[in-house]
Amino acid sequence: MDLASAQVIGAGLAAIGAGAAAAGVGSVFGNFLQGALRNPAAAPGQTTVLYIGFAAAELLGLMAFAVAMIILYAR
Amino acid sequence: MAAAAKMDPMHQFTITPIGSDQLVASPFQFTNSALWMMIVLAAIILFMWGGTRRQLVPGRWQAAVEGLTGFVGDIAKQGIGPEGRRYLPWIFTAFVFILFSNWMGAMPFGIVPGAHPFTVTSQFSVTGVMSILSFAIVLGVGFWKHGLHFFSLFVPKGAPLGVKLFVAPIEFVSFMVRPFSLGLRPFVAMFAGHVLLEVFGNFVVQGLNAGSVLGWVISALCFVFIIFVNALELLVGGIQAYVFALLTALYINDAVNLH
Chain A
3 MDLASAQVIG AGLAAIGAGA AAAGVGSVFG NFLQGALRNP AAAPGQTTVL YIGFAAAELL
63 GLMAFAVAMI ILYAR
Chain C
2 MAAAAKMDPM HQFTITPIGS DQLVASPFQF TNSALWMMIV LAAIILFMWG GTRRQLVPGR
62 WQAAVEGLTG FVGDIAKQGI GPEGRRYLPW IFTAFVFILF SNWMGAMPFG IVPGAHPFTV
122 TSQFSVTGVM SILSFAIVLG VGFWKHGLHF FSLFVPKGAP LGVKLFVAPI EFVSFMVRPF
182 SLGLRPFVAM FAGHVLLEVF GNFVVQGLNA GSVLGWVISA LCFVFIIFVN ALELLVGGIQ
242 AYVFALLTAL YINDAVNLH
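Read top to bottom, the protein sequences are chains A and C.
The numbering of the first sequence is my numbering, which starts it at 3 and goes up by one.
The numbering of the second sequence is my numbering, which starts it at 2 and goes up by one.
Quick caveat, the hints were computed from the structure, so don't treat them as lab data.
For every residue, glycine included, the Cβ atom is placed at its ideal position computed from N, Cα and C.
Treat the hints loosely; a few may be bogus.
Unchecked claim - One-sided excerpt, in silico: chain A residues whose CB lies under 10 angstroms from chain C:
1) G19
2) A20
3) A24
4) Y53
5) I54
6) E60
7) L61
8) M65
9) I72
Produce the entire structure from the sequences given, and follow the hints as far as they go.
Below you can see the structure in the form of structure tokens.
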């Protein structure tokens, strides 16, 4: 296998991380919604925490993207 | 439109010089990135100027500006506490700049022939410098207020010594990664979204060029998809600006209050 095809395959494998981050972000928002429906009065005060959790979960997906780009364009 | 145009989703991110032929390694060359930064700045100035005319009964425009300033003020107040007002200028600047450049990049300026909209925040050099500024404020405030005591940020309070020795390096690494992650977030969100739009825009054109009914159907489906992705892009642009402001506020809070 030459380098170019290996790079494309590697970038594709790295993109799996984006799907994993999707599961993470979905879990953050889904669990927030569950909690918010049980106690709607407490929900507005927790949106800050919600977005911190979202940012942390999303970051790992973005890392996967960065890794994919590095693999794809590395020389 | 060429019949079999080669798909090149990265082309929209190339920085091209304006007024000269060649991109040189000089900070004083006027590029399309600089041009769009100025357009974003003009839009921000127009928006703020229209809303700060101190009417006694606020109109819609002033209500919008007041809503924006109040929103960012709440971020600073919730994140940092009563001292948050002192750091509001930078948080507000970062929020509004990222928000406006994200949304200006998603606007359909391309329907004007010859206009090439450019999303300023789709370059890591821009968001990276903004995150370094945030990090510099954190370091400056931390060392100014607490001196070398600032390093106690890395040590969990009231933990046994073994745990402290174990956690402190991890905390240190996570602290040093912050400027990277803070700048990476808005950059990748814009970058990936625009690549997606470009790819599906290409599908529309190629489907129309295919000349069959199936091609037309695929074109129409892709066009609808683009509309929804554009809406999502506006949402993501807002969320990324919010997250940048929120995390900046929280990081400054670490420096101001040390836990």
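Here is what the structure says about each hint:
{"no.": "1", "hint": "G19", "verdict": "violated, 12 angstroms"}
{"no.": "2", "hint": "A20", "verdict": "holds, 8 angstroms"}
{"no.": "3", "hint": "A24", "verdict": "violated, 12 angstroms"}
{"no.": "4", "hint": "Y53", "verdict": "holds, 6 angstroms"}
{"no.": "5", "hint": "I54", "verdict": "holds, 7 angstroms"}
{"no.": "6", "hint": "E60", "verdict": "holds, 7 angstroms"}
{"no.": "7", "hint": "L61", "verdict": "holds, 5 angstroms"}
{"no.": "8", "hint": "M65", "verdict": "holds, 8 angstroms"}
{"no.": "9", "hint": "I72", "verdict": "violated, 12 angstroms"}
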